[in-house]
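A.B. asks: Both chains are given apart, each in its own frame, so use the hints to dock them into the complex.
The primary structure of each chain is shown beneath.
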Amino acid sequence: MKKRGIYQIKDSDKKVKEYTLSVLTEDKAGLLNHITIIFNRRKLNINSLNVSTTEVKGVSRFTIVVSSTKEKIIKVVNHINKLIDVLAAFLYEEDEIYYQEIALYKLSTKIFLKGDLVEKIIIRKYGAKILKIEEDHIIIQKTGTKVGTQKLYDELKKFGEILEFARSGRVALSKKKRKTVNFIKKLEKTKSNKLNI
Amino acid sequence: MKKIQGSEAIIKSLIEESVDTIFGYPGGAIMPIYDSLYSYQDKINHILTRHEQGAIHAAQGYSRVSGKVGVCFATSGPGATNLITGIADAQIDSTPLVCITGQVPSQLLGTDAFQESDIIGISMPVTKWNYQITSSDEICQIISKAFYIARSGRPGPVLIDITKNAQFSDVIFNYKKCERIRSYHPYPIINDKKIKEASKLINEARKPLILVGQGVLLSNAENELIKFSETTGIPLASTLLGLSAVSCDHKNYVGYLGMHGNYGPNVKTNEADLIIAIGMRFDDRVTGDTTKYAVNAKIIHLEIDPSEIDKIIKTDVAINADAKEALIELNKIVNNNNHDEWINEFRECDKLEFDKIINKEINVVEDKILMADVINRISNLTKGKSIIVTDVGQHQMITSRYYKFKKSNSNITSGGLGTMGFALPASLGAKIGQPKRDVIAVIGDGGIQMTIQELATISQYNIKVKILILNNNFLGMVRQWQELFFDNRYSFTEMKNPNFNIIADGYGIKNNKVENKKDLDKCLKEFINYDGSYLLNVVVEKEENVFPMVPSGESVSNIRLE
Numbered sequence: 001m002k003k004r005g006i007y008q009i010k011d012s013d014k015k016v017k018e019y020t021l022s023v024l025t026e027d028k029a030g031l032l033n034h035i036t037i038i039f040n041r042r043k044l045n046i047n048s049l050n051v052s053t054t055e056v057k058g059v060s061r062f063t064i065v066v067s068s069t070k071e072k073i074i075k076v077v078n079h080i081n082k083l084i085d086v087l088a089a090f091l092y093e094e095d096e097i098y099y100q101e102i103a104l105y106k107l108s109t110k111i112f113l114k115g116d117l118v119e120k121i122i123i124r125k126y127g128a129k130i131l132k133i134e135e136d137h138i139i140i141q142k143t144g145t146k147v148g149t150q151k152l153y154d155e156l157k158k159f160g161e162i163l164e165f166a167r168s169g170r171v172a173l174s175k176k177k178r179k180t181v182n183f184i185k186k187l188e189k190t191k192s193n194k195l196n197i
Numbered sequence: 001m002k003k004i005q006g007s008e009a010i011i012k013s014l015i016e017e018s019v020d021t022i023f024g025y026p027g028g029a030i031m032p033i034y035d036s037l038y039s040y041q042d043k044i045n046h047i048l049t050r051h052e053q054g055a056i057h058a059a060q061g062y063s064r065v066s067g068k069v070g071v072c073f074a075t076s077g078p079g080a081t082n083l084i085t086g087i088a089d090a091q092i093d094s095t096p097l098v099c100i101t102g103q104v105p106s107q108l109l110g111t112d113a114f115q116e117s118d119i120i121g122i123s124m125p126v127t128k129w130n131y132q133i134t135s136s137d138e139i140c141q142i143i144s145k146a147f148y149i150a151r152s153g154r155p156g157p158v159l160i161d162i163t164k165n166a167q168f169s170d171v172i173f174n175y176k177k178c179e180r181i182r183s184y185h186p187y188p189i190i191n192d193k194k195i196k197e198a199s200k201l202i203n204e205a206r207k208p209l210i211l212v213g214q215g216v217l218l219s220n221a222e223n224e225l226i227k228f229s230e231t232t233g234i235p236l237a238s239t240l241l242g243l244s245a246v247s248c249d250h251k252n253y254v255g256y257l258g259m260h261g262n263y264g265p266n267v268k269t270n271e272a273d274l275i276i277a278i279g280m281r282f283d284d285r286v287t288g289d290t291t292k293y294a295v296n297a298k299i300i301h302l303e304i305d306p307s308e309i310d311k312i313i314k315t316d317v318a319i320n321a322d323a324k325e326a327l328i329e330l331n332k333i334v335n336n337n338n339h340d341e342w343i344n345e346f347r348e349c350d351k352l353e354f355d356k357i358i359n360k361e362i363n364v365v366e367d368k369i370l371m372a373d374v375i376n377r378i379s380n381l382t383k384g385k386s387i388i389v390t391d392v393g394q395h396q397m398i399t400s401r402y403y404k405f406k407k408s409n410s411n412i413t414s415g416g417l418g419t420m421g422f423a424l425p426a427s428l429g430a431k432i433g434q435p436k437r438d439v440i441a442v443i444g445d446g447g448i449q450m451t452i453q454e455l456a457t458i459s460q461y462n463i464k465v466k467i468l469i470l471n472n473n474f475l476g477m478v479r480q481w482q483e484l485f486f487d488n489r490y491s492f493t494e495m496k497n498p499n500f501n502i503i504a505d506g507y508g509i510k511n512n513k514v515e516n517k518k519d520l521d522k523c524l525k526e527f528i529n530y531d532g533s534y535l536l537n538v539v540v541e542k543e544e545n546v547f548p549m550v551p552s553g554e555s556v557s558n559i560r561l562e
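These protein sequence lines map, in sequence, to chains W and S.
Note that the first sequence covers residues 1 to 197 in the numbering used here.
Note that the second sequence covers residues 1 to 562 in the numbering used here.
No lab work stands behind these hints, which were simulated from the structure alone.
Just so you know, not all the hints are guaranteed correct.
[Said to hold, decoys possible] Derived lysine-lysine pairs resembling DSS-like cross-links, with alpha carbons at most 25 Å apart: (1) K185/W x K177/S; (2) K28/W x K177/S; (3) K43/W x K314/S; (4) K292/S x K70/W; (5) K292/S x K72/W; (6) K191/W x K196/S; (7) K82/W x K70/W; (8) K314/S x K17/W; (9) K298/S x K332/S; (10) K186/W x K177/S; (11) K14/W x K314/S; (12) K332/S x K191/W; (13) K145/S x K189/W; (14) K15/W x K292/S; (15) K177/S x K191/W; (16) K28/W x K176/S; (17) K193/S x K189/W; (18) K176/S x K189/W; (19) K28/W x K145/S; (20) K194/S x K82/W; (21) K194/S x K186/W; (22) K75/W x K292/S; (23) K176/S x K186/W; (24) K72/W x K311/S; (25) K194/S x K75/W; (26) K311/S x K70/W; (27) K191/W x K145/S; (28) K82/W x K145/S; (29) K176/S x K185/W; (30) K70/W x K314/S; (31) K132/W x K110/W; (32) K145/S x K186/W; (33) K176/S x K57/W; (34) K82/W x K68/S; (35) K72/W x K314/S; (36) K311/S x K75/W; (37) K14/W x K292/S; (38) K75/W x K298/S; (39) K145/S x K57/W.
The following block holds chain S by itself, in its conformation from the complex (with noise of 0.2 Å):
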């Protein structure tokens, strides 16, 4: 057989894992791969970020969009630091990536030399695997073990690092897709005898709720899960990462879980007496108190992942299985039912927290432009089936709490690790993950400025994004936490914020600014409409605060309105 370079083998092992978009970054220890990429060009679609980090968190959007396994390749040294961050925020957001990074040759490693680092090491504690090739021979077999890793069971991220010897001696070519690890056991059998005890819960309780996590969109379980809660008549709350599995107008959906969701799933949390917990990890934004947490309900948890049952609430039944499997198998046998009655009660929670905080914030009658009212004009302007991506802090609860999403697969965030400048780069990867449906990028002023040089990426490839801005010119999320916890004293969070306007011209980017409510209708019209990628920089109130709030560390049942 004819032997072909190992960076050649490289991209060909990406085309057979059926790879078209790699978010990339060159540099020295990775050009010999480069160089094979533009002989492929037919093939793979590349995008040149303007930075390493936006070339991760542009592969997460295409990922969590797509459900496809998102690429990224970087250069050894900075160019593997750099893309730390969005590894660590896909282990703990389980999104699956592989990420290819360079490395100087294998005889120099351990001796300091140029861009060298020890990105196997760095990475160790945030991959989900990691392998560092030294020779052309492992190329196939390592990349379909990496893919293969990536995509099943709980997915995550994966890096393989190669020597720049090993791109560039010769191999045969010849790639078999990865069937199994006998290490690694990521389709767990399903228990019947556990399905039958939840069962038998779930058809005797009398106020019990589901909360749905990520885990439903990641094994594509939305019908099952509907089925599910058609069925048993069970009331259906999300977490952050859960959004949009269920259509916002479900008539058994009651709303957002957690420090700022709704109020009617979090107070009810402890008055239920079954927590149906599928796909979720009960993260402490999710519980908090957790002495405090769910105290009348027995808890029932769909998990892939062993590690995370028990690992912070105790369940009564734990199904260790993919969440579509165990909803098939638990559809089969539990009873029609219905808790009308109980789905009632959150009604009357959600009249509440509409009356205290959601119509004030959304029929302002003063001339202020509050970020509720923005999300809900554009959650009505595009019917909810848009695809929002979101970044950090007081925008992205208020879009949680604001947009009615109605399709699913719909809301990208970074949600684990909280990483302020993932939006902007993210909705590029989701727009060219889903290229047919509308990308939302909705990012503080803040954040923004993290990773605006991405604002490159979106102008040089045309990339279709709406960009919304909402401006406060404050770190909004920790001055809140300032005013009500640290006595209003507002410590270095104040911005002098540029001309993101000029910014955007700058780069090419169409773009308007709302400053006055009565242009604000008509500036989002123009926004939503425009084809195009598009820049609205909204200047909100200065010192708006998130409700309902549960303070950090309490009990879900002291959920604050006010």
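Pulled out of the complex, with its shape left as it was, chain W reads as follows (with noise of 0.2 Å):
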């Protein structure tokens, strides 16, 4: 007997992994509360959200990272791309795509005394730069990706307290050869949008 129900999936559709979706839409107050509702609606938590305005005026694009299984998020990015002000919605595993995030780390200037930490550290190990420096306070910026701003954080802790800490969502782009403005201009000549075809 076939089995062909929702519930009947392939195992590795089962599995929980990182997704990323990129959406290009609209610039319309509200779209992020509309998007949102529908992770909320299967119960499914954000990772991490990055909105922004892209290289085409009046667009901009999501960037949400989202635990999810396959079967579960392609009924999301569905749904997402149903919303009228949705341009385009895409789904990513993580090798199609090109991502970064950033992380900001406030230190203390006195634990800048104790020897190598600047130059073997900061710099040589990590790449990371420092953005402000403050009688009492610095500012070091780090680009790469979770793992690695949780490294540098937990190598840095060890020198001292951290006086704050801040990581910013992903962003990405696809491996794809794709042009942003050229996609939209498709989209604006496409049949499928037009009445009475």
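C.D. replies: Here is the structure:
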């Protein structure tokens, strides 16, 4: 007997993995809410979310990182694509994108007096840079993956207290050769959104 | 160019979209719009309902029978929140609506002003699109966009919230119909390869079955569907919302699918080797246990909404298209065929169902009134040609089983959301949408009390709907489940009802009550033939069960006849 219901899915699709969604949208108030309720409804927790304007005027890009099964996330993407003000939603696995996150670390200036911290660890080992030096604190910036920024955090902590730490959401670009401007121009010309074709 | 007030621009925009009827209820934040409407009463008929929920269900009924976009007005705050149930209902049942709500002036947004509610936030998950207009400049463009979105693709409800200052301030009226939105693609382009793949499966299938959904009605594909079925010889089964797309006496029609559907189409789903689902979404009330659904079949899904494809049931060939267009393409290439033997298997099932259930329900020897008997008589008296509006519960399932629809767009019911209280207001909207057709609302004694105030609307505007209460003084469907699955523990389902006839008298609506079976025929005839609104209170058996039944979560093969 063949089984075909939604609960009968391939084992590989049942595994929870980290997925990255890249969503191009019209720049419209309230759209963030509209997108996030699609996750809420399925009780999916968003790992990170970044929203910003793109190189095309009036177009925003949402980059959403979420842990989910493939089966569930495909339905989420389909649902997002259905929103009127969404131009396109793309789903990526880790190996299909280039991505980075940025982290800022606020340290007490005092701990810089301890040995080779700046040269050996911050710069040579982690490729981080010093953004600002003030009398009582220093800001370090590192771009990379969550694992990398966390490693630097752990290492810095050995030297003393980290006053504050902040990490951004992921930004990602697909490995495909696609130009956003051309893609959007194509959307404007397609027949599928024209009345009385 | 001369400037006009924003509120007048709203009314003129509606006229540009050929709106001739609005269902609504005024209040503080929408008063400028109502004031402008006062001058356009020759062009727009406004129906004042007695509750905003009544207004939106009426707009749904109007839209479902006419194919036009239903329009309703409500004020801010409670007016707007009272629309939500209807909006959610329209969303899940794909009904095109434009709801216009008033809102507090934009400088008061977010201040907890009197009658302020965040209706944009509240309605977001249940609308196809929504937008808040805070400046009169936006009115024309947004209203034209609203209508375009509501009616195109898979239709749905749109809510436009308009702040009071935008209604008051002046604007140049410059209306252009929306023709495209770059981020919205409601007209899928048919993939010829998929059509060929589908037709190959269709031509080779030995036991194919067509599942007819509301998409057929929404795309006016009834004729193309009949042609498809007659050419290929494939039997047709209907979902709840697909009912009336195919005449119940068509030789290839094999009945109604789902939890309380007919025996044949349910059990045969698991014998079929090909399912052709058209404009339907494999609701759990249709599929039962999806792991034991259509186990021997390949699946072809014709569906305009890409997010419905593979949502519940994995397809072998998915055609993302308007049902009508896809059927036109398929009709060009499918082979002439017949499946009479296969259809005869359904007729055998029909015989079994008739002997085990139908015969006992419509040919009752004792002096008791069963719901099925009443609906069967109405079906015969009206020759299956009336518009039937049902509420939610046992009477709804019985009506879907026993009313033999002969005309398209005749079955108006709350399917996906299952909204009790839907039928009475939806029926008055349906009558206004199709004034020449007879409209009969079939409602339980529970459901009618959820929107009973709309009897006043029916009375005030002399809307000639027939209201049939199948009254068992119980919330019958819940009681049935309590009997079957909860050990007869009738937890809060019995009701001491008011005297519905005195209530109808109070509203000035002609009425009658049937308690004895010998009076049934005469009273039903009078009810049907009366020229005007009429409420008939039929007291039916207190504890009836609707069968067949696929118990919740079980396979369609386990459909129970008793």
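A.B. asks: Does each hint fit the structure? Answer for all of them.
C.D. replies: Consistency of the hints with the structure:
1. K185/W x K177/S: This hinted pair holds, its Cα atoms lying about 22 Å apart.
2. K28/W x K177/S: With Cα atoms ~21 Å apart, K28/W and K177/S stay inside 25 Å; holds.
3. K43/W x K314/S: Distance ~23 Å between K43/W and K314/S Cα, so the pair holds.
4. K292/S x K70/W: 23 Å, holds
5. K292/S x K72/W: 21 Å, holds
6. K191/W x K196/S: The given pair, whose Cα atoms are some 22 Å apart, holds under the 25 Å limit.
7. K82/W x K70/W: 18 Å, holds
8. K314/S x K17/W: At roughly 22 Å apart (the allowed maximum being 25 Å), K17/W and K314/S satisfy the hint.
9. K298/S x K332/S: Holds, because 22 Å separates the two Cα atoms, which is no more than 25 Å.
10. K186/W x K177/S: 22 Å, holds
11. K14/W x K314/S: 15 Å, holds
12. K332/S x K191/W: 23 Å, holds
13. K145/S x K189/W: OK: K145/S and K189/W at ~18 Å, within 25 Å.
14. K15/W x K292/S: 23 Å, holds
15. K177/S x K191/W: Answer holds: K177/S to K191/W is near 18 Å, not above 25 Å.
16. K28/W x K176/S: 21 Å, holds
17. K193/S x K189/W: Distance of about 23 Å is within 25 Å: holds.
18. K176/S x K189/W: Since the Cα atoms of K176/S and K189/W sit roughly 19 Å apart, the hinted pair holds (cutoff 25 Å).
19. K28/W x K145/S: 15 Å, holds
20. K194/S x K82/W: Satisfied, since the Cα-Cα distance of roughly 22 Å is no more than 25 Å.
21. K194/S x K186/W: 23 Å, holds
22. K75/W x K292/S: 22 Å, holds
23. K176/S x K186/W: Holds, at roughly 24 Å.
24. K72/W x K311/S: Satisfied, since the Cα-Cα distance of roughly 10 Å is no more than 25 Å.
25. K194/S x K75/W: Distance of about 22 Å is within 25 Å: holds.
26. K311/S x K70/W: Distance ~13 Å between K311/S and K70/W Cα, so the pair holds.
27. K191/W x K145/S: Within the cut-off at roughly 18 Å; holds.
28. K82/W x K145/S: 16 Å, holds
29. K176/S x K185/W: The hint holds at about 22 Å.
30. K70/W x K314/S: With Cα atoms ~14 Å apart, K70/W and K314/S stay inside 25 Å; holds.
31. K132/W x K110/W: 14 Å, holds
32. K145/S x K186/W: 21 Å, holds
33. K176/S x K57/W: 24 Å, holds
34. K82/W x K68/S: 22 Å, holds
35. K72/W x K314/S: 14 Å, holds
36. K311/S x K75/W: Measuring from Cα to Cα gives roughly 7 Å; hence the hint holds.
37. K14/W x K292/S: 20 Å, holds
38. K75/W x K298/S: Between K75/W and K298/S the Cα gap is close to 22 Å, so the pair holds against 25 Å.
39. K145/S x K57/W: Holds, at about 21 Å.
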